[in-house]
Amino acid sequence: MDITQTTRKAPIIVEKEVVKHLSLGLYRNFALAIKEVISNAYDAGATEVKLKLDLENGRIILRDNGNGMNESQFKNEYLHIGYFKEPSKELDELGRMRIGTFGIGFLAPLPYCKTLKIITKSRGQQNALEGEIEAENFFTKGNWDIENAEVEYRIYESDLPSEEGETIIILENIKGQIYDELSRDTRVRRTIEGSGYEKFKWTLAQYCPIEFPPDRQDLRNFFGVKSCVPMKLWLDGIELYRNVPEEAQILEKETKEFGEIELKYVIMTPFAPVQPEEMRGFQLRLRDVAIGFPRDFDVTKLGRVLGRLNMLCGEVHILKGLDNALLVNRDSFNFTEDVAEMYDFFRNRITYWNARLYDWAESDKELYLALGELREDKRILTDLNKADLLHFSKERLRLSEGTLRKSKSKTVENRVDRIVTVLSKKVDDSTKVVRKKGRVNLEAPAISVAEDSKTIAVYEEHPAFVEIFEFDGKNYRVMYDEWNSLETPFSICRLTKDRKTAIFNKSHPLFKGKLNDNIVKRLSLGILVILSEIRDNEALIKDFNKLIEDTFAE
Amino acid sequence: MPSQIDDLKTSLVNDLWLPIAKKGGDQLYPRLKKHKKMKLFTLTDMNYQEVRVFEDNKLTRREDVVAWNHSHQQAYRLETELGRSKVFCEGRFDDAVIDESEALSDFFPCDILNLDYSSQKPTSHSGRIEREINGECVIVNLLNDLQTKGFVLLYTTLLDQIDLSSNNLSFSFNSSRTFPNPVDAIDDKVEFIRSALISTLKNNYYCVNESDELLIHLNRTNNKIFSIGFVASRSH
Numbered sequence: 000m001d002i003t004q005t006t007r008k009a010p011i012i013v014e015k016e017v018v019k020h021l022s023l024g025l026y027r028n029f030a031l032a033i034k035e036v037i038s039n040a041y042d043a044g045a046t047e048v049k050l051k052l053d054l055e056n057g058r059i060i061l062r063d064n065g066n067g068m069n070e071s072q073f074k075n076e077y078l079h080i081g082y083f084k085e086p087s088k089e090l091d092e093l094g095r096m097r098i099g100t101f102g103i104g105f106l107a108p109l110p111y112c113k114t115l116k117i118i119t120k121s122r123g124q125q126n127a128l129e130g131e132i133e134a135e136n137f138f139t140k141g142n143w144d145i146e147n148a149e150v151e152y153r154i155y156e157s158d159l160p161s162e163e164g165e166t167i168i169i170l171e172n173i174k175g176q177i178y179d180e181l182s183r184d185t186r187v188r189r190t191i192e193g194s195g196y197e198k199f200k201w202t203l204a205q206y207c208p209i210e211f212p213p214d215r216q217d218l219r220n221f222f223g224v225k226s227c228v229p230m231k232l233w234l235d236g237i238e239l240y241r242n243v244p245e246e247a248q249i250l251e252k253e254t255k256e257f258g259e260i261e262l263k264y265v266i267m268t269p270f271a272p273v274q275p276e277e278m279r280g281f282q283l284r285l286r287d288v289a290i291g292f293p294r295d296f297d298v299t300k301l302g303r304v305l306g307r308l309n310m311l312c313g314e315v316h317i318l319k320g321l322d323n324a325l326l327v328n329r330d331s332f333n334f335t336e337d338v339a340e341m342y343d344f345f346r347n348r349i350t351y352w353n354a355r356l357y358d359w360a361e362s363d364k365e366l367y368l369a370l371g372e373l374r375e376d377k378r379i380l381t382d383l384n385k386a387d388l389l390h391f392s393k394e395r396l397r398l399s400e401g402t403l404r405k406s407k408s409k410t411v412e413n414r415v416d417r418i419v420t421v422l423s424k425k426v427d428d429s430t431k432v433v434r435k436k437g438r439v440n441l442e443a444p445a446i447s448v449a450e451d452s453k454t455i456a457v458y459e460e461h462p463a464f465v466e467i468f469e470f471d472g473k474n475y476r477v478m479y480d481e482w483n484s485l486e487t488p489f490s491i492c493r494l495t496k497d498r499k500t501a502i503f504n505k506s507h508p509l510f511k512g513k514l515n516d517n518i519v520k521r522l523s524l525g526i527l528v529i530l531s532e533i534r535d536n537e538a539l540i541k542d543f544n545k546l547i548e549d550t551f552a553e
Numbered sequence: 000m001p002s003q004i005d006d007l008k009t010s011l012v013n014d015l016w017l018p019i020a021k022k023g024g025d026q027l028y029p030r031l032k033k034h035k036k037m038k039l040f041t042l043t044d045m046n047y048q049e050v051r052v053f054e055d056n057k058l059t060r061r062e063d064v065v066a067w068n069h070s071h072q073q074a075y076r077l078e079t080e081l082g083r084s085k086v087f088c089e090g091r092f093d094d095a096v097i098d099e100s101e102a103l104s105d106f107f108p109c110d111i112l113n114l115d116y117s118s119q120k121p122t123s124h125s126g127r128i129e130r131e132i133n134g135e136c137v138i139v140n141l142l143n144d145l146q147t148k149g150f151v152l153l154y155t156t157l158l159d160q161i162d163l164s165s166n167n168l169s170f171s172f173n174s175s176r177t178f179p180n181p182v183d184a185i186d187d188k189v190e191f192i193r194s195a196l197i198s199t200l201k202n203n204y205y206c207v208n209e210s211d212e213l214l215i216h217l218n219r220t221n222n223k224i225f226s227i228g229f230v231a232s233r234s235h
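Protein chains in written order, with numbering that gives the first Met the number 0: chain A, 0 to 553; chain P, 0 to 235.
Do not rely on the hints blindly, as some may be mistaken.
As the list claims (entries may be wrong) - With a Cα cut of at most 30 Å, we get these calculated BS3-like pairs of lysine-lysine:
{"#": "1", "chain 1": "P", "residue 1": "Lys85", "chain 2": "P", "residue 2": "Lys120"}
{"#": "2", "chain 1": "A", "residue 1": "Lys545", "chain 2": "A", "residue 2": "Lys424"}
{"#": "3", "chain 1": "A", "residue 1": "Lys174", "chain 2": "P", "residue 2": "Lys85"}
{"#": "4", "chain 1": "A", "residue 1": "Lys263", "chain 2": "A", "residue 2": "Lys225"}
{"#": "5", "chain 1": "A", "residue 1": "Lys116", "chain 2": "P", "residue 2": "Lys85"}
{"#": "6", "chain 1": "P", "residue 1": "Lys57", "chain 2": "A", "residue 2": "Lys113"}
{"#": "7", "chain 1": "A", "residue 1": "Lys231", "chain 2": "P", "residue 2": "Lys57"}
{"#": "8", "chain 1": "P", "residue 1": "Lys57", "chain 2": "A", "residue 2": "Lys116"}
The hints are simulated quantities; they were obtained by calculation from the structure and are not laboratory data.
In this text, all values refer to a predicted model and were calculated from it rather than measured experimentally.
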């Protein structure tokens, strides 16, 4: 054997099976395969991408108005598997950072159709190129020779003006399982509602580099690059926007740096479990394209039990520093030191907001109980919500009518006092809770929040706060005070001199126990009223019986 | 399609097709007040203005539209633009309908038949307009066979320098007026087309309840766009 120390060269051989595995492994999800084609359109400067699912004829058509391809690009780039296009380092003429590809985006839709047809016209040229790829050969004929494969194409005069570019991709004879999936129409609880079609639509809206919906200017402004011309995407004639859970409110938004990584993030909650479930967690995006599924940064794997995690969602947009760390499956990044720091940061934010949501739920519950019937006044709830004093709906907090009634039965406190106390605990130092005296407009709400949310007024004389007891045809206004029950015969209740107001001793032991406060109040007031009037025995008995009947009837 | 025709489409749609389609909707579906939901068959192009205008005016819905375009590139574009509509591309409509009328029967009956041949890249071959009218005749025969009670017919064509001849028509052409052969003057061409279309309707037991037309001159050429609309209903 010749073992002389000479330098030799050995070729690196790439088996076609590797390509097959790569493409099959990369694009397990049909919608994600379509997303790859749409990302290519984005890189090609498309401002509009229109997609038609023509299931009846077993085909899918995608059209974009990007730069298109000339013959050379078609042959040398599009059909060149593994042709690497580096992500751009500067903004292009549309103000975009090119996403870049591993040169296998073209393969993405091939597993799902028998034939892929492409019609493309390069901007600035008059000719269009039309080619047909027998996709079936890639994935069903095991001995297909990729290296010697040929794609037939023809060139003809386009009917578009020279200055326009276009690429139309038609997936023909889509596979049966895709047809079945997109036609499926079963409603699955707590996941993407409706159908396979809805799931497909949702997935595209989640992963493609498109805009947030027009009613989320807050997100558009925060994440948008002013100079960037956005790409619009239509599916079957309907424009898609990025998914945002309904009613999701921003809890926190920041720009952060972790070593080389620079990012912007938003943490949101709809103050209810995020629907659909697939949106729970934080969506990482690199150059506006989603990386993997929404994630919780493995917070639960660290043993933290976060009961409100299902209410949190958000967006994390990587601005720079991770281009070269993206894994080939585009699902995640290499776990570098910077990435680890970023994960740790978000785990802490998630934990923090989980705790805050718990606190808010408890204090909201307390406020609902203090509000009593006023919880039905939508004006008050809207105001308190705007002022960030009320977050959850009473339905979400499981405050049933029974709970509210039970709470009311244990009330020996002026409601205004109670509301003011609860509100004062919720507001920060810059906000005042004030009691307003005097006559009030009966039509106006009993609580109002100033426009700047700095003053919350509680109208003491509002009928909603005036507690009245009706006894023997007379109305008694109810008030509360505290005194030593051992020092006076009127240990529970006393009447004012004008006999119009009943004052209850809220420190009396009977109000501390399990008895229904309303029963105690009615009995004590009733006895007081009866005995303070001169009556014969028969009338006295009659009145006592009536008092007992009325009290327990209530 | 010449770009001037693109510019004129707005005028055609708003000044002729929409008013006629509205009258047709009121006559064919008097009980439907809010939305007529008429089925539209249209020869159209990338702008598909008529679809949008008819949709906006509650005459049709996207899913009730069947569009036809002669070019497969345009048809693919239309597919992605129109979404839920059906789009067909089986070559030139007049060729397809004359040669394989049975294959087209799936698209009918329809309530609005918009035969806008000006959108289908008109050729300069002799006998083009007569062939278009023959195509229209096949469809009206089909609507008659399908016992369609009534429909809106919109016909639009490019009037260029090519003469017309009744010899090229495939049906008996009854007109109160005698036309020169060939028909070369523009007024005679308009009258010829109008008479021929009405003949196809009458031959199939349809009477004309409403009609209107537009003749628009194309800039920088001697060509004109002629468009005519009818509301037709069965005469017995």
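For this session: Determine which of the earlier numbered hints do not hold for this structure and return their numbers in increasing order.
Result: 2, 6, 8
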